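**Q** Heads up: the protein sequence lines correspond to chains A and B, in order.
All residue numbers for the first sequence refer to the working numbering, where the first residue is 1 and numbers rise by one.
All residue numbers for the second sequence refer to the working numbering, where the first residue is 1 and numbers rise by one.
If you are wondering where the hints come from, they were derived from the structure by calculation, not from laboratory data.
Some chain B residues judged to face chain A by a derived CB distance under 10 Å, without partners named: (1) G196; (2) Q330; (3) Q331; (4) V333; (5) R337; (6) I339; (7) S342; (8) P343; (9) H350; (10) P353.
All of these numbers come straight from a predicted model, not from anything done at the bench.
Where is the CB? At the ideal position from N, CA and C, for every residue including glycine.
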Amino acid sequence: MAEATIEQTQSSPRAGIAEQPLMQVKNLAVSFDNGSGPRIQAVDGVRMTVYPRQTLAVVGESGCGKSVTSMSSMQLVPRPPGRFDRGEILYRKENDEVVNLLELSESEMRKIRGNEIAMIFQEPMTSLNPVYTVGDQIIEAITLHQNVNSKEAMKIAIDAMDAVGIPDPQGRIKAYPHQFSGGMRQRVMIAMALACQPRLLLADEPTTALDVTIQAQILELLKTLKEKRNMAVMLITHDLGVVAENADIVCVMYAGRVVEFANVYDLYANPMHPYTRGLLASIPTVHSKLHRLTTITEVVDDPEQFKKLPGADQGITPWWPWNDAPADLCARDEPAGDYVLRKVAKDHWVGVWRTEAVKNDDTSPPDLSFRISDLPKD
Amino acid sequence: MALSGQSKERSRDNSGSEPESISAIRAPSRQRDNPLTRSVAGMLGMGVLIVMFIACLGSLPWTLSSASDKNNQTIGVPRYDAGSPKSGRLPPFWWSYDEQDIKRSTGAIEPTELETIALEQGVSVDDLLSTTSGPLLDEVQPRWPTFWFGSDMLGRSLGTRLLAGGGISLTIGLAAALISVGIGTIYGALAAYIGGKVDSFMMRVVDVLYGLPYILLVVLLAVASNAMVDEWVTHNKAKERWIQKQVVESHSQSMDGEFTRSDARELLAADIELHGQWMDQAVLKYPRRELSAGTRTSLDVLTLLIAIGGVSWLTMARVIRGQVLSLKNQQFVEAARAIGSSPTRIFVRHLLPNLIGPIVVYATLAVPQAILQESFLSFLGIGVKPPLPSWGNLAAEGLGELNTYRSHWWLLFFPCLLLGITLLAMNFVGEGLREAFDPKRQR
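The whole structure should be built from the sequences, with the hints applied where relevant.
**A** In structure tokens form, the structure reads like this:
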């Protein structure tokens, strides 16, 4: 662990002090046993960085490795069949000690889970134990990590329920999960996750199972709490509307690799990877009267789309697993060696083939401390 | 972007109406009807069971204690075993008696019969009267023993035996069900929770045990426990071992070569006199222990209970394994891990409480099953051994009394009736509990 360091980065524009990333995913590769077949590489060479108070949105279609990445950082990937092939997830603990989350023992990990890193799940309907009151479950999370007696824990639980906007927390604390609606249950989950004041919140599609009004409420709540508590959020979703509204940084993933990493304004204004362009093009807008929507396939099947990157004339081509590799591919002798996440513009990374032109690019994770909340208010 | 504009509008709209929409969600009142009391049949069954349990188990101290004779002297025989053959096979007192019964139980003799007997024996009627114990049927109002539920062939009160037998049957049923539920739950839950190869192995063990006829297992267990008790009482094996050791020691002092245990065994087998000499000492060293009949009986019952409990956990293990398999993939288990719970904690705090429904339901169904198995084994003569009654062996005795000439129906009817009522009541209770614990049936 001695050599594990998080790379120094730009200083925060507001505070003026050097700011340290909270978590850095370096070259993460996770694969799953497939019984008789070959191992399935769920995630390969994933790199990303999260700063405190930042919302990093991880976007991508089902099975692209979003959840595996977040589950890996809590060691919640079932092993076996799962396996961490290589890479590290460096996390800066509250006492400034940097640890590799993939190498921690189960007991060390238990101190991280819930306490330092908390998680909200996709299904509020099934994420709560039906035989305990919600109060019991929040209190369990508290007593696991904090040395408090039951009365204090109860008070913290009530405060947490109050903070997430559950009316009448004193009364509702004795209610069972089935007496709550979906949105309220998700609030309970958030209260549970926040009760121990975690510094990183992994929200794995927190609003997918909810209807849009509740969805907006929950996301607004997360946003407020993030600011109040200096917490970083890793928002896993496939809803680009949610991303535009909530994220500071967007990380687009495809087939287990990061294809684009940029701040939210750059990404929406100037998507550089054909896949991202396809994603954005496929969203209907209110004003468009289309017979049919543009599909992602239509975009990525067009070879012209792959020639728009800066430096395309030098042979820098976006990585795309279904395309043939360029002729001058200089694949390194390592997994995911045919690919590199290249900084193509300021604050903008795109996954490209490791061709002659980018042969010597390093594999350090993209690093962006940008936050919308830090921008000067106009 | 148009997109973000839309979502902004959306969230603004909602934040305005948020307080009303939330306060509309009220905590449901707790005065909802209790699901446990909803099933009428279940409540009825529960009532019957409670009465049955209080009657049978509560009366055990009385039925098992020593009976006393007319002069209030204890006679050293437990109440369930006390009776005189004279009053054997009497029907319940509310049933029509026949004269034969009355005569047999009172020893009364009819005048006409008296003459016949006097003639046969060649004495006068008066002489005969002075020697017979019984009163004359027409002159003395005979007082015959009255039995609520009749008496068996040895004149023991069937009522007392039913109570004692019920106590034993219910105890065995409850305890065996507890054992089976305990083993089955832990085993099945562990198998499913650990999963993988351990799960496969554990469940194959269950499959193999399923394949064996449980009567075989019960008989084996009974034989093994008998042998163990015998050894504890007599020390036969310990004596032999001690003798062999002494022989080896005495020979190894006098001889140079090796003298092993098997040599000693051969020598002792050939020289009976030597064996006898040593045996005299061995008997002194290992005195015979005493085991009261009561202890012996309870050991027998214990064996039976372990045997039944030990073979009936298999179904439970399978049921619980299935439950845990589906539970452990539920997201709340993942959520519990995500807040930092240890596997043990997840198992104890999050999985087991979710199993209470199936456990309770299975337990209520396992009790009648265990009673039935006990009855069946007692019926076959493997289980509770006479004179200790159980509903099973009472019914078995009663079956033998059923004949076309004179059927002592009560001996078969009452044990079967009680057994039937109990089993039915337990099934109703189990059914009611299953409904109460089934979340899909809620409200």
